[in-house]
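*Asks:* Sequence:
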Amino acid sequence: MDEEDYSPSNSVTSVNSLASLLKEKLQSIPQKIRKKPTDYKLRAFVGLMFLAVAFFVGFAYVLYHQQALTKAYYDNVQFNEPKRIIRIFNRDDHEILKATLAVGLEGKVKSYPCLPEDRRNDGSECLEWLHTLRFYLKCLPHDPGVDNTTCYSVHWKALRNDVYPNDCFDWTDTKVHWYGGAQSLNITWPLNTGSIDYTPFITGDIQKSQWSNVLSRYLINSKGAAIIIDEETPLQVSINSARKEICVRAKYDDFAYVNKLTEFPEMKYNICTSHDMKSLHSSIHNHRRAPLWDGLKPADMQTLESLISEPVWQIAPRFKHELQAETISQYTEDVINLGFLKQGHVLINEFWQNEIGDLSVDTNRFETLNITVDKLHRRGFKVAFTIQPFVSTESVNFAECVQRRLLISERNSDRRIPALTRFKSLASAGVLDITNNRSVPWILEKLEAVIDEYHIDSFYFDLGVAYDMPHYYECEKRLINPDQYKTLFTKTFEKTLNIIGVSSAVFLPRPPIFVSLPPFESSWEAMAMVIPAMLTYGVDGYPFVMPGAVGGDIYWPGSEQFLPFSKGFMETNMTNTTQENGIELPERELYIRWLQMATFLPVMKFTHLPSKYNDEKVLEMAKNLTSLRQKLITPLLLKYKREALEEGLPLIRPLWLVSGGDAALMVQDEFAIGDEIVVAPILNPGETTREVYLPAGLWQDGIDGSLRKGNRWMHEYKVPLERVAYFIRKPDDMRFK
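As numbered in this note's numbering, residues 101 to 837 make up the sequence shown, in order.
Treat the hints as calculated values from the structure; they're not laboratory data. Warning: the hint list may mix true and false statements.
For lysine-lysine, the following DSS-like pairs were computed, each having C-alpha atoms within a straight-line distance of at most 25 Å [claimed, not checked]:
no., residue 1, residue 2
1, K183, K351
2, K524, K420
3, K344, K275
4, K475, K442
FRET-style restraints, in silico, Cβ to Cβ [unchecked claim]:
no., residue 1, residue 2, range
5, M834, H555, 49 to 55 Å
6, E217, E181, 18 to 24 Å
7, E181, Q800, 53 to 59 Å
8, P820, K739, 26 to 32 Å
9, Q430, R389, 48 to 54 Å
10, K308, T468, 41 to 47 Å
The structure displayed is predicted, hence computed values, not measured ones. Glycine residues also receive a C-beta, built at the ideal position from the N, C-alpha and C atoms.
All chains, please: the whole structure from these sequences, using the hints.
*Replies:* Below you can see the structure in the form of structure tokens.
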């Protein structure tokens, strides 16, 4: 541009022209290459996809890592070593047991294969957590042609003093119920409904949160897995319903497991599995190889049958002076006057002696006891005396027992010093040492003299519980635990004396010996505990169980075994004006309902006669129930007695042994006789209706005779005071007849 043509106005025009030109060029750019607005939805989607991929990759890595660290053993066992979790599956690959092993092992301690010198040549797998624990796992040989049960052996060895093998069996994931073992104050049926802290697994008083008077180291779950713990394991058991686990631990202490069999605690148990709970239980308790009838004499079978078919009349006054020959004679005369009850066994408590441990009749109170016993025999009764292994310090035999060293001694002291304990009403007593060679002949000599002079038919062994042993006990031969004493005592005399029952047991005694339920006082709460206890003892492998007296056992002041459940018990009884020899009779309704339940149990035991109520309705009801037992129940019990002797199955069974179904697993207020009768008694005051579960099948109502379809609940089922609910199995085709 020439100088003369330049001017400010020309300059502005030029700028405007350039802007217009630029705008024109921009508008000419294709729409598809213009910059798009930001798409936040797309960005969010891409981010979520990235997170999902990262999560699945991480999950797959963790899962693979876990599976890579989980080793399979023997086809159906998986063990995750870092977490120490063992899982066992059945043949259908369903998980039936899950356990966390070595609970309490601090930190992520790594295990290593055992050194060659610690391995076994029996096919066992061996792992060791260095200087802490050693673990052996083995599949036990079995014959698939005999049954479908497979068992695995677990053996833990502690390698230090402060380490205790501790395995916990979880029921959260497997959703199972556990049965067996023992009963306790907060543990009924099934076991996983209650809780108890680690407690030595020895017999005790359930009112003190100890284990019951009868127990077995056997636990079974509802999916077909069982745990059987070795008797030499210093076993403590814990059940925690909050954490949903049952734990077993091996630990020495200063009483229950004071006698160390190994330097450090060891825990041995077997895990057995089968395709279902019923077949597993039958397989474990089967006595095909050594049936219970093997070696029984005709007299033993007669005693067994008479205990089932005839009542046991328990004469057990609270105080010694209340028991005299006239008391026994009058009691049996009252039984005969009833007119409808059989004679049966007259069971006399320890007050036939002047002091416990005399093992001789108190002639001051029983000047003519031989005449009284002869009279009882002529009336058709059999007479049994209660004996204990305890010797009162007031007994005429105590000094002789000390001099001859027949008593258990005090640990870490002179062997001539006996260890003393309390037992029932005794403030001080020694305990006969059954492990030495001197005590047994001495006891037999005393008892045979009683038999010869008074013609006693049998004995009942009141052995106490483990906690009745002196705390610092020491026998001539070392015991595994205090309960081994009662096992030795029973085994020592079961072939030489006629024994009808034992008060406590940890092993199955030889028939015709019955094991007894713990003593229950007269209360509705106590009555509700009878059925769970019967079922538990049956599952534990004790087919012949003797319940307590109808209406509850007699309570006497000062006896720790018979502490009342609550103050209400005492207050209720104080208002009851019906008495017998100064003893309050059970409440009328309670006695009736208890009698109805007892009619279906293996043994009927009486302390209070129904005639003592002076009530015609009570007498009529007792007469009808006696007729029902004699015509229907006793033949069935005798029938299943043979099955119990052959296969070890209990006479009184839980409903899950009758048929399958999840509903049957939780029923704790019904029971079955074999698989033919289901009984559902009333267990609460004032009730005339209840819920009843019937297992699968066809059942005939025992109240109105109607047919009932099984595998269902019956709601608001009516049970009047004078009736008891029971149902008889019938053939399936009967509904068409």
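*Asks:* So, for every hint listed, does it hold in this structure?
*Replies:* We went through each hint and held it up to the structure:
Of the pairs offered as hints, the one joining K183 and K351 holds, with about 23 Å between alpha carbons and a cut-off of 25 Å not exceeded. As the CA atoms of K524 and K420 are separated by approximately 13 Å, the hinted pair is consistent with the 25 Å bound. A distance of roughly 10 Å separates the Cα atoms of K344 and K275; the hinted pair therefore holds under the 25 Å criterion. Taking the CA atoms of K475 and K442, the gap is about 16 Å. The hint holds against a cut of 25 Å.
For the hinted restraint 49 to 55 Å between M834 and H555, the CB-CB distance of approximately 51 Å keeps it satisfied. A beta carbon spacing of about 22 Å between E217 and E181 agrees with the range 18 to 24 Å that was offered as a hint. The hint said 53 to 59 Å for the Cβ distance between E181 and Q800, and at roughly 57 Å that hint holds. Our hint of 26 to 32 Å for P820 and K739 holds, since their Cβ atoms are close to 30 Å apart.
A C-beta distance of roughly 50 Å is found between Q430 and R389, which places it inside the suggested range of 48 to 54 Å. Look at K308 against T468: about 42 Å separates their beta carbons, and that is inside 41 to 47 Å.
In terms of the numbered hints stated before, the structure departs from none.
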